[in-house]
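Q: Below, each chain spelled out in residue letters.
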Amino acid sequence: MRVLVIEDDQETASFLRRALKEQGHVAEYAADGQTGLELARANAYDVLIVDRMLPKCDGLAVIGSLRAEEIGTPALILSALGEVDDRVKGLRAGGDDYLTKPYAFSELLARIEALARRKSPEEGSTRFVVGDLVLDRLSHKVTRAGEPIMLQPREFRLLEYLMKHAGQVVTRTMLLENVWDYHFDPQTNVIDVHVSRLRSKIDKNFATPLLHTVRGAGYTIRDSAH
Amino acid sequence: MTALTKLFRTTTFRLSLTYLALFGAAAVVAIFYIYWNTTVLLTRQLHDTIDAELKGLAEQYADGGLTQLVRTVADRSQTPGSSLYYVADPQGHRVAGNLTSITQELSNSLGPVEFEYSRPAEGGIETRLAFANVFRLPGGYRLIVGRDIEDRRELARVIRSAMLWGLGVMALFGIGGGYLVSRNLLARIDAVAATTRTIMEGDLTGRLPINGSGDELDRLSQSLNLMLARIEQLMAGLREVSDNIAHDLKTPLNRLRNRVEAALREPYGEPTYREALERTIEEADGLIKTFNALLSIARLEAGAGGDNKESLDVAAVVHDVAELYEPVAEERGITLRAEPVEPVFVRADRQLLGQAIANLVDNAIKYGAPERAHSGNGSEPEVSVAIHARGPMAEIIVTDRGPGVPSPDRDRVLDRFVRLEASRSEPGSGLGLSLVAAVARLHGGALRLEDNRPGLRVVLSLPAENRALLNVAGHQTPGAELRSA
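Going line by line, the protein sequences match chains V and G.
Residue numbers for the first sequence follow this note's numbering, beginning at 1 and rising by one.
Residue numbers for the second sequence follow this note's numbering, beginning at 227 and rising by one.
Keep in mind the hints are simulated off the structure, nothing from the lab.
Check before you lean on any hint, since a few could be wrong.
Lysine-lysine pairs mimicking BS3-like chemistry, simulated, CA-CA at most 27 Å apart [as the list claims (entries may be wrong)]:
(1) V:K21 - V:K101
(2) V:K101 - V:K56
(3) V:K101 - G:K281
(4) G:K535 - V:K101
(5) V:K141 - V:K101
(6) V:K56 - V:K141
(7) V:K101 - G:K232
(8) V:K89 - V:K101
(9) V:K89 - G:K476
(10) G:K476 - G:K535
(11) V:K89 - G:K515
Quick partial rundown of chain G residues pointing at chain V, CB under 10 Å, derived from the structure [unchecked claim]:
(12) L479
(13) L482
(14) N484
(15) R485
(16) V486
(17) E487
(18) L521
(19) V554
What follows is a set of in silico ranges between Cβ atoms, one per label pair, in the way DEER data are often shown [claimed, not checked]:
(20) G:D429 - V:P153: 32 to 38 Å
(21) G:R500 - V:M53: 30 to 36 Å
(22) G:R500 - V:S65: 41 to 47 Å
(23) V:P209 - G:R636: 43 to 49 Å
(24) G:R500 - V:S125: 36 to 42 Å
Beta carbons are placed, not taken as given, at the ideal position from N, Cα and C, and that holds for glycine.
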């Protein structure tokens, strides 16, 4: 994955680049909005990580200009402003996701991987398959090894989101935001309990578990045989 | 600015001057009108009287010529009254009449004329005003018939002096009254200004004086005092918050620092370091959460975050939240019940409302857990979320069967960082209820805690939107499938 980091704080930027490289991604870097805009125009990136407050050209303006030129590279906004209205402003300006500082790198990584995947054709498909688990988005049916699995509507959406990002790490906040559409931080491990319920329905009676916990990050659904 | 110029510049004083001028002008007009009309009336009466006299004398003259006229005039002159007569021969000498002498000017004039004449009075001779008609008789004789109109002159004098005195007294009372009223008002305003200055200098306990008269200034002072009380409360809150921040953020920061230091001293190497670092991250995350919650509360209390309000169904939000928490509740052996209700619409920010309800449910589950419930009272470990419409408010009611909150603490727990001793063992920042209270305030609602006998009953009330017409029949009643066995 080729990532452009537009961030004016040198230390944050170098931390991000090093960490992204460790994950096997190519990370390039711009220290101000103007340079970032030029780089984003000239090269094809999979994801942009844009700090909201930048010298010369503010982060939202960078994304706004790109969108005006019909450059649709997914962009994650990083900001110290974390309130709902800030998020709404960021997304309205053309950002695809919004992450508040300070953040865990695992959260950032999970989010940009999810963003990069957005462009893939799987996004719009009507059937998700992971190993012998099949989810049909049209008929709302889930089967594992041909056996039907009964899910509550919310469990279905949870599984749908996990399977849409099969093989990727999905964090608890991503689940809360995308499955429940809430952006606050529930104090209790509510998401974990939902996931473990889902797990008991899809994994319990089968030899190979598909839904895995990624320590310190979140969850992933994948066929471990691969 | 001297005290006097300050006084003269007050609105009250200027107003009284303006009114004084207006009333003075009105009084002058009224008096002048009365005077004018009186004069006209008197003049007409005068002319009528003189005309009647003349008519009588003309008849006498027609009867018996000059001789009879002179006799009649002499006769009439005997009767006391204000009628004046004079018959003059061609040389101007008196032939008959009660006027002792006439001036040259009068003897030469003809027709109606106003003149002054002298007559004996107590202690000498007085000059009086008269009006007369002068006729020429055949043979160079003249007849002057008139009336004394000194009374009229007197009337004019009286009215003029009444006007002057009246205006003078009015001005005196007006300016004096204005002065007194302004001074009184100015004194009160000065007191307000003085209080304001002491408040600006940092003494927030100052309050504006109220004299209990209930007038507009009193009412204004009362409102301002309420505002001051609110400001004082906010400032006290701010002070308390900064103290609490110092405590609740510094304590974990210190713990974090100690841990890192201890890890550095450890001789055992990587596994220990790793564990220490992981705990450090956990601690940092906790700090970040606390910090975020604090910022949110501060922003909500400053009135920010109200831009994303929309009309939404509280029942749907309650349903969502109940569904989100139901597995956790079940895991802890608590039945979470969301009472099925009709849609109730409020204008709210969905995220904030969702978070507020989530905080309430989260608390209820944490503190309503079985091991916390009173033993032996037979109450089920149960948390319920219900919505009631009470008048114009929609009330979201979250109840639990935990130990509850003793009534003296009920207001206090809404403050930031306040955690009851019993809850210290549970993770939490002590900001959850403060945030709910802030959300309630932002939406024009309120949060109150009540006794659930046993347990806690938290009521979050929000102004409901009148959407009765939009309540479509057949709306899915939430909650039914949430009942956990």
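Q: All hints, please: hold or fail.
A: Going down the list of hints, with the structure as the test:
Taken as a hint, the K21 of chain V and K101 of chain V pair is honoured in the structure, with Cα atoms around 21 Å apart against an allowance of 27 Å. Under the criterion of a C-alpha separation no larger than 27 Å, the hint pairing K101 of chain V with K56 of chain V is consistent with the structure, at around 21 Å. Proximity of K101 of chain V to K281 of chain G is assessed by CA-CA distance (about 118 Å); at most 27 Å being required, the pair is judged violated. A threshold of 27 Å between alpha carbons decides the hint, and for K535 of chain G with K101 of chain V the separation of about 25 Å falls inside it, so the pair holds.
Between K141 of chain V and K101 of chain V, the direct Cα distance comes to roughly 39 Å. Violation of the 27 Å bound is thereby established for this hinted pair. Of the pairs offered as hints, the one joining K56 of chain V and K141 of chain V is violated, with about 51 Å between alpha carbons and a cut-off of 27 Å exceeded. Our distance criterion of 27 Å between C-alpha atoms is broken by K101 of chain V and K232 of chain G, whose separation comes to about 57 Å. Taking the CA atoms of K89 of chain V and K101 of chain V, the gap is near 16 Å; set against the 27 Å cutoff, the hint holds.
Under the criterion of a C-alpha separation no larger than 27 Å, the hint pairing K89 of chain V with K476 of chain G is inconsistent with the structure, at around 33 Å. Note on K476 of chain G and K535 of chain G: the hinted pairing is violated, with a Cα-Cα distance of about 35 Å set against a maximum of 27 Å. Taking the CA atoms of K89 of chain V and K515 of chain G, the gap is about 22 Å. The hint holds against a cut of 27 Å. Because the beta carbon of L479 of chain G sits about 14 Å from the nearest beta carbon in chain V, more than 10 Å, this interface hint is broken.
The restraint placing L482 of chain G at the interface with chain V is violated, with a minimum CB-CB distance near 14 Å, outside the 10 Å limit. Proximity of N484 of chain G to chain V is violated relative to the hint, the smallest CB-CB distance being about 21 Å (cut-off 10 Å). The restraint placing R485 of chain G at the interface with chain V is violated, with a minimum CB-CB distance near 17 Å, outside the 10 Å limit. With 10 Å as the threshold, the beta carbon of V486 of chain G stays out of range of chain V, its nearest partner Cβ sitting at about 17 Å, so the hint is violated.
The beta carbon of E487 of chain G is not positioned within 10 Å of any beta carbon in chain V (closest approach about 22 Å), and the interface hint is therefore violated. For L521 of chain G, the interface hint holds, since its Cβ comes within 10 Å of a Cβ in chain V; the closest pair sits about 7 Å apart. Taking 10 Å as the C-beta cut-off, the interface hint given for V554 of chain G holds, the closest approach to chain V being about 5 Å. As the Cβ distance of D429 of chain G to P153 of chain V is approximately 60 Å, the hint placing it in 32 to 38 Å is violated.
For R500 of chain G and M53 of chain V, the Cβ-Cβ distance of about 34 Å falls inside the hinted range of 30 to 36 Å, so the restraint holds. A hinted range of 41 to 47 Å holds for the C-beta pair R500 of chain G and S65 of chain V, which are about 44 Å apart. With their beta carbons about 48 Å apart, P209 of chain V and R636 of chain G fall inside the hinted range of 43 to 49 Å. A beta carbon spacing of about 41 Å between R500 of chain G and S125 of chain V agrees with the range 36 to 42 Å that was offered as a hint.
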